[in-house]
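Asks: Assemble the whole structure, with the sequences as input and the hints as a guide.
In order, the protein sequences belong to chains A and B.
Each residue of the first sequence is one higher than the one before, starting from 1 at the first, in the numbering used here.
Each residue of the second sequence is one higher than the one before, starting from 1 at the first, in the numbering used here.
Be aware that one or more of the hints could be misleading.
Stated by the list, open to error - Keeping only pairs whose Cα atoms sit at most 30 Å apart, straight-line, the calculated BS3-like set for lysine-lysine is:
# : chain 1 : residue 1 : chain 2 : residue 2
1 : B       : 234       : A       : 102
2 : A       : 129       : B       : 234
3 : B       : 234       : A       : 412
4 : A       : 321       : B       : 234
5 : B       : 234       : A       : 410
6 : A       : 410       : A       : 364
7 : A       : 170       : B       : 206
8 : A       : 102       : A       : 170
It should be emphasised that the hints constitute simulated quantities derived from the structure, not laboratory data.
Since the model is a prediction, treat every value here as computed from it, not as a measurement.
For reference, the chains in residue letters:
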Amino acid sequence: MSFRNVFLIGAIIVGWSLFLSFFAVSAALAADTASVVELQVHNCNNNNICEPQFGETYGGCPLDCNASSTPAPSANINYGPAPLTAVTSSGISSAVLPQSIKVINLFDTSVLIEWQTTGESIGLLNWGKTADTEKGGVTEINYGINHQIELDYLEPATLYYFKIQSTDRKGQSSFVGPIPFLTLSPFQSPINILNFSYQLVGSSVKLTWQYSSEQPFRDLVLTRSDFNYPIDSAHGKEIYKGTGTSVTDGPLQINHDYYYAAFVENIDGNFSSGALLHLRIIPALNNRNEQVFVATSSTSILSPTSKNLFRISIEQNNEQKYFYNNLAQVEGNNSIKFIVSTESLPENFYQVILSVQDEKDFNKFNVYNLTREGSNNTFEALIPAYHKIGLYEFFISAVDANGTTLIQQKGKLQTIPPSEDSGFLNKLQFPGWSWLWILLIILLMLELIWR
Amino acid sequence: MLKIFKTLKLVILISILLIPLSIFAAVMQSSSYKIQSDSLNIGGGFSTSSNYRQESTVGEVGTGFSSSTNYRLSAGYQALQTNYISVSNTVNISLPNISGISGGSVQAQSDWIVVTDDPAGYQLSIVASTTPALKSTSTSASITDYAPAGAAPDFLFSVGAASSTFGFSPHGSDVISRYRNNGSACNTGSTDTTDRCWDGMSTSPKTIALGTTNNQPNGATTSVKYQVGIGSNKIQEAGTYQASVTVTAVAL
Numbered sequence: 001m002s003f004r005n006v007f008l009i010g011a012i013i014v015g016w017s018l019f020l021s022f023f024a025v026s027a028a029l030a031a032d033t034a035s036v037v038e039l040q041v042h043n044c045n046n047n048n049i050c051e052p053q054f055g056e057t058y059g060g061c062p063l064d065c066n067a068s069s070t071p072a073p074s075a076n077i078n079y080g081p082a083p084l085t086a087v088t089s090s091g092i093s094s095a096v097l098p099q100s101i102k103v104i105n106l107f108d109t110s111v112l113i114e115w116q117t118t119g120e121s122i123g124l125l126n127w128g129k130t131a132d133t134e135k136g137g138v139t140e141i142n143y144g145i146n147h148q149i150e151l152d153y154l155e156p157a158t159l160y161y162f163k164i165q166s167t168d169r170k171g172q173s174s175f176v177g178p179i180p181f182l183t184l185s186p187f188q189s190p191i192n193i194l195n196f197s198y199q200l201v202g203s204s205v206k207l208t209w210q211y212s213s214e215q216p217f218r219d220l221v222l223t224r225s226d227f228n229y230p231i232d233s234a235h236g237k238e239i240y241k242g243t244g245t246s247v248t249d250g251p252l253q254i255n256h257d258y259y260y261a262a263f264v265e266n267i268d269g270n271f272s273s274g275a276l277l278h279l280r281i282i283p284a285l286n287n288r289n290e291q292v293f294v295a296t297s298s299t300s301i302l303s304p305t306s307k308n309l310f311r312i313s314i315e316q317n318n319e320q321k322y323f324y325n326n327l328a329q330v331e332g333n334n335s336i337k338f339i340v341s342t343e344s345l346p347e348n349f350y351q352v353i354l355s356v357q358d359e360k361d362f363n364k365f366n367v368y369n370l371t372r373e374g375s376n377n378t379f380e381a382l383i384p385a386y387h388k389i390g391l392y393e394f395f396i397s398a399v400d401a402n403g404t405t406l407i408q409q410k411g412k413l414q415t416i417p418p419s420e421d422s423g424f425l426n427k428l429q430f431p432g433w434s435w436l437w438i439l440l441i442i443l444l445m446l447e448l449i450w451r
Numbered sequence: 001m002l003k004i005f006k007t008l009k010l011v012i013l014i015s016i017l018l019i020p021l022s023i024f025a026a027v028m029q030s031s032s033y034k035i036q037s038d039s040l041n042i043g044g045g046f047s048t049s050s051n052y053r054q055e056s057t058v059g060e061v062g063t064g065f066s067s068s069t070n071y072r073l074s075a076g077y078q079a080l081q082t083n084y085i086s087v088s089n090t091v092n093i094s095l096p097n098i099s100g101i102s103g104g105s106v107q108a109q110s111d112w113i114v115v116t117d118d119p120a121g122y123q124l125s126i127v128a129s130t131t132p133a134l135k136s137t138s139t140s141a142s143i144t145d146y147a148p149a150g151a152a153p154d155f156l157f158s159v160g161a162a163s164s165t166f167g168f169s170p171h172g173s174d175v176i177s178r179y180r181n182n183g184s185a186c187n188t189g190s191t192d193t194t195d196r197c198w199d200g201m202s203t204s205p206k207t208i209a210l211g212t213t214n215n216q217p218n219g220a221t222t223s224v225k226y227q228v229g230i231g232s233n234k235i236q237e238a239g240t241y242q243a244s245v246t247v248t249a250v251a252l
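Replies: Given below as structure tokens:
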């Protein structure tokens, strides 16, 4: 064999090996995987169902969100002013998506947060005083579809945020948050009075009111100021203290403003935030063109100045109800706590006032003071229950010492039946004679069985 | 012509003679050490420079890579030295639903585990199939890719009141310095924080993680959070939006 042949053989072998080796190396050096990220965007769908969680509002989706349309299913999802996550019960979402998030068992230093997932997952809840949820995280131990995490050692009357990360066994995660909640103040303030009304009697005025039946109380303290609403029972002139339901104040001056505030004191000595009434007696003409005097009461209602200046939330039975675009669903027959917080207030700010539509007279607004809680810019008022199912408008106003409205924000309350199940039979309303039919059917069935 | 035929015959003969040798090229081991692979060849060896080291073999036969439906074959000494790399598969991700009227922001996360025996490590990159990445499946509507304010990713996700945007934020032990922060800014510092350092998708691959050693068998996990933000004054068309995202792990 010649040298040339050996060289040729070697060259062929080496070349072929290198050729195959090239493919071997290049085929194993990289790996990739592709996935699709999907998002559902919802807005007004004109299906005659008001779905605030999809952003439907009275202004933006009038066909769906009018007073007669079907309310959306109750869902405790925050839609406050901060950038928040919207969650729906739609089946499109991932099985690990936290749904039906509820802030329950809310107290001054602890809270229980509940949510559900359609598939088994494990939850990590991060929380903190800012939307960054910087305080820490709590994780569940077991996989499941019903989730609960309790946070303890919180500060009273403080705004917190939480985020939920839900992860399945394959490591796929879904997030919700940040969602805010406000811890309660260390003590429970009493419920304000209801139907705080007036009637002019000569040159005096008769003030009347009713007490909430939900809790006992010790006294009612009624004060009056000539300049602005008293912000607590120590402000203004005390004109009544007792357990009655009316008082006559007077004589009053013509064309003079009178500001009344009624504070309920409970057995622990805590006062309610105050129910408010503003009166002015003015001359007027009666049907016979004779001059008489009438009392007028004004509620300062303006166009909302900004929808994001106040963060408004509502509590009932230690459960926080959230607003969807300034609409909150509340249960009838339970007192309603309004909690208003804001980052900053105008320098000449004096007090925050709640004006809420009366359940019997839509032209009348019941006015309440909101008590400042702690050093935060957080204000609270506990108002009596609304028993009538309906939609009630309210305004939150920051006013100066002269009663001039500085900021005003509008919202709506939608009352729904209480969540407690009163039992199937109680829901059935049989007319008296229908029991005869039921008895007859039972007798027929017995007859058939006997045969 | 006769010469060429003779040469071919000789090649075939030598190849046949060498096959049994390959079979008997058994892997050796002692109580302490095991030789993973060896080579019967006619040349080669190590050569080095100040930056590189090269190992070559000459004269092996039946080498290279071949595969069937169920198996892959790496034959020959050098083919056996080929590094392995894998990246875990991901299922499709559904972001939580969002209102196109009132806006807000939603997040979801994907995790990838890269396993490699490459002593030099790996590089993980992410790429979108379209610009912008997140597009309506039924109309021409889309959500713009996140655009950081500067060259570095934004420390915090932000969206203008009249706009909507889709961004991502990677985190994990191997995330590159671009996505690390010093507590207030990205591409500086060494901290890896979730929900920080937001970047936009692109049809050009963006490196998100870099491993510098082999990590088998457990691998290294890199997570990517996706976030969509819709400003309060933006009306985003309703419907289903999808982004097709591919991550690629390359052994170094």
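Asks: Look at each hint and say if it fits the structure.
Replies: Here's how the hints hold up against the structure:
1. Between the alpha carbons of residue 234 of chain B and residue 102 of chain A the distance comes to roughly 28 Å, so the proposed pair stays at or under 30 Å and holds.
2. The hinted pair formed by residue 129 of chain A and residue 234 of chain B meets the criterion: a straight-line CA distance of about 28 Å does not exceed 30 Å.
3. Distance restraint check for residue 234 of chain B and residue 412 of chain A: the Cα-Cα separation of roughly 23 Å lies within the 30 Å cut-off, and the hinted pair is therefore satisfied.
4. Of the pairs offered as hints, the one joining residue 321 of chain A and residue 234 of chain B holds, with about 26 Å between alpha carbons and a cut-off of 30 Å not exceeded.
5. Taken as a hint, the residue 234 of chain B and residue 410 of chain A pair is honoured in the structure, with Cα atoms around 21 Å apart against an allowance of 30 Å.
6. Proximity of residue 410 of chain A to residue 364 of chain A is assessed by CA-CA distance (about 16 Å); at most 30 Å being required, the pair is judged to hold.
7. A C-alpha spacing of about 25 Å is found between residue 170 of chain A and residue 206 of chain B, which places the hinted pair at or below 30 Å, so the restraint holds.
8. The suggested pairing of residue 102 of chain A with residue 170 of chain A holds, with an alpha-carbon distance near 26 Å, which does not exceed 30 Å.
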